[in-house]
Amino acid sequence: MESVESLIQLALSGDKKAIARLITLVENDEDKAREIIRKIYPHTGRAYVVGITGPPGSGKSTLLDKLIKLAREDGHRVGVIAIDPTSPFTGGALLGDRLRMQRHSTDPGVFIRSMATRGSLGGLAKATNDAIKVLDASGYDLIFVETVGVGQIEVDIVKTADTVVLVTVPGLGDEVQAIKAGLMEVADIFAINKADREGVEMVYLELKMALEFERDKWKQLSWEPPIVETTAFTLKGVRPLWEAIKSHRKHMEESGRLKERRAFRAREEVKTIIASSIAKRVEEKLEKGESRELIEKVVERKLDPYSASQIIMKKLKADLWG
Amino acid sequence: MVERSKVRVVIAKPGLDGHDRGAKVVARALKEAGYEVIYTGIRQTPEQIVETVIQEDAAVLGISILSGAHMVLIPKIIKLLEERGIKPNEDIVIFAGGIIPPDDAEELKKMGVAEVFGPGTPLKTVIEFVDKAVEKLKRFKNA
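Chains G and A are the protein sequences, given in the same order.
So that you can map any letter, position 213 of the first sequence is 213 in the numbering used here, and since no number is skipped, the others follow by simple counting.
Count along the second sequence starting at 1, add 1000, and that's the number in the numbering used here.
This is chain A alone, in the form it adopts within the complex:
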């Protein structure tokens, strides 16, 4: 298993969505599990989120969105990451949470989102997911 304290996670809230409780709860849970978590705050543009991921050299990006704009904002974020040479599942693990209908979740997974967690997901599930998912990243393959 990859040492959690060496894994940096960015939790971001894109768009005009002020419902940050979920994001904060997940951020806190990951910290309690031993991860280093950078929380961007609300109302982030896709560009701001991508720059944060780059500057913080994050291995994981958790996107929280409850406003319904996920099919616009998440693909945009993925596109920008790819333009900067950061490939989902190779260089970064992307997961999403909030209010995302199952059909959209399937679409997002095809685009590179590794997992989508709906309301009520036990925090333990999120942590176990991150533990496993980071093992597949290039940077930890030699760990």
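This is chain G alone, in the form it adopts within the complex:
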């Protein structure tokens, strides 16, 4: 097994095997993740992250396939992280997004990695952000993160992207309901995919109406989310989306919002790491001794949960920060 140090050196020089192994380590091994991120962090900061989200079946992967091509034409080195859900029952996952982008597998300037949500609350956000950093440090200057925007975690991932694209399709029935409220507020660009189908106007109008409610906010930020129609069969059908992404990036850079968003991202990351670290330690403490007895009292209704928590927290104070 190669050392973390040598893997990092190899990854920084573009070795795909090493990059892949580092991503596995940041996903699986907390101690190694700490070491790796500490060492590569100075090499990160160049990549621009685009989140692509939307309901299942909206054609995200097919769109991405074309976006990768367009991005390559513009000279970017492209990283892709395609996220699919882990089965809550079996712990396994079928990661099938890459299937639609496979022709890019052999392009030396493209790195595609599939990731499973793996169920745990803090897990996906942390591992994905760490994987982004690995790709960033290894020279991929444009990174797409594709997720199904149905879970809170997926929304969180997408919130931390520099540009968020929300993909929808006509014919989903109560059109905009299919998009979670949280995502509507977070999207910088709306793409109505499969625009060759019936019902495009309906979706367009619903989105437009929903955006009206946010009119003041967009005016303040001086960016009104465009609604772009795409058909992912051809490059031509996706070009308007690529142009919108470039346009948003320009806006983010020129207005200073990019800096703000990245500051937000950094703060959220530190928060997540601390929270998950504390949660773990609390978990461990609650299993034994006095804490366990207090919880028993709550079960027996001799003590309410808030009071029990107060007592436990007082005891834990030293343990947690010491």
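None of these hints come from the bench; they were simulated from the model.
Each hint should be verified, as a subset may be incorrect.
Derived DSSO-like pairs: lysine-lysine, alpha-carbon spacing no greater than 27 Å straight-line [to be verified]:
| no. | chain 1 | residue 1 | chain 2 | residue 2 |
| --- | --- | --- | --- | --- |
| 1 | A | 1006 | G | 280 |
| 2 | A | 1006 | G | 39 |
| 3 | A | 1087 | G | 16 |
| 4 | A | 1138 | G | 17 |
| 5 | A | 1136 | G | 17 |
| 6 | G | 17 | A | 1110 |
| 7 | G | 16 | A | 1138 |
| 8 | A | 1024 | A | 1079 |
| 9 | G | 17 | A | 1141 |
| 10 | A | 1136 | A | 1079 |
| 11 | A | 1138 | G | 32 |
| 12 | G | 16 | A | 1076 |
| 13 | A | 1141 | G | 32 |
| 14 | A | 1006 | G | 32 |
| 15 | G | 17 | A | 1006 |
Place chain A on chain G using the hints.
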């Protein structure tokens, strides 16, 4: 036993072969058993398959082929993996399925394919095989 959810399996279909039901069934079964499975889709070149294995840092590669071209495509895949420093049975477990005559299966095993599963193989057999085979890999030896 190695924790299944930490084992990544690539299921690939090389060459001009569109019969993907078997591959999908096996992929699904491995997922239901708790593995993380990446399915490449059909019509993959050996180069695409090897790149996928590398980028996904896969521990297992399942190759499905019913077109008869297995004696050309599978050795090619193994050769490319070895060129990239990935050794069968040390760094990766390779298994194959589809329509592969027993004589060819023996040949393939000599080249590094750990097992060949013909039509009718119970899914349980495939899962048990993967469970055991990954234990021998370098990366899980310290697990």
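Hints, verified against the model:
1. With a C-alpha separation of about 20 Å, the suggested pair residue 1006 of chain A and residue 280 of chain G falls inside the 27 Å cut-off, and the hint holds.
2. Restraint check for residue 1006 of chain A and residue 39 of chain G: satisfied, since their Cα atoms lie roughly 24 Å apart, inside the 27 Å limit.
3. A C-alpha spacing of about 16 Å is found between residue 1087 of chain A and residue 16 of chain G, which places the hinted pair at or below 27 Å, so the restraint holds.
4. A threshold of 27 Å between alpha carbons decides the hint, and for residue 1138 of chain A with residue 17 of chain G the separation of about 15 Å falls inside it, so the pair holds.
5. For a cut-off of 27 Å, the pair hint linking residue 1136 of chain A to residue 17 of chain G stands: about 20 Å separates their Cα positions.
6. Proposed proximity of residue 17 of chain G and residue 1110 of chain A is supported: the alpha carbons are some 26 Å apart, at most 27 Å.
7. As the CA atoms of residue 16 of chain G and residue 1138 of chain A are separated by approximately 19 Å, the hinted pair is consistent with the 27 Å bound.
8. Distance check on the hinted pair: residue 1024 of chain A and residue 1079 of chain A sit about 25 Å apart at the alpha-carbon level, within 27 Å; holds.
9. Annotation: proposed proximity of residue 17 of chain G to residue 1141 of chain A holds, straight-line Cα distance about 19 Å (limit 27 Å).
10. Taken as a hint, the residue 1136 of chain A and residue 1079 of chain A pair is honoured in the structure, with Cα atoms around 21 Å apart against an allowance of 27 Å.
11. Pair hint residue 1138 of chain A plus residue 32 of chain G holds up; C-alpha atoms about 18 Å apart against a cutoff of 27 Å.
12. Restraint check: the Cα-Cα separation between residue 16 of chain G and residue 1076 of chain A comes to about 20 Å, which is no more than 27 Å; the hinted pair holds.
13. A threshold of 27 Å between alpha carbons decides the hint, and for residue 1141 of chain A with residue 32 of chain G the separation of about 17 Å falls inside it, so the pair holds.
14. A threshold of 27 Å between alpha carbons decides the hint, and for residue 1006 of chain A with residue 32 of chain G the separation of about 15 Å falls inside it, so the pair holds.
15. At roughly 18 Å between alpha-carbon atoms, residue 17 of chain G and residue 1006 of chain A fall within 27 Å of each other, so this suggested pair holds.
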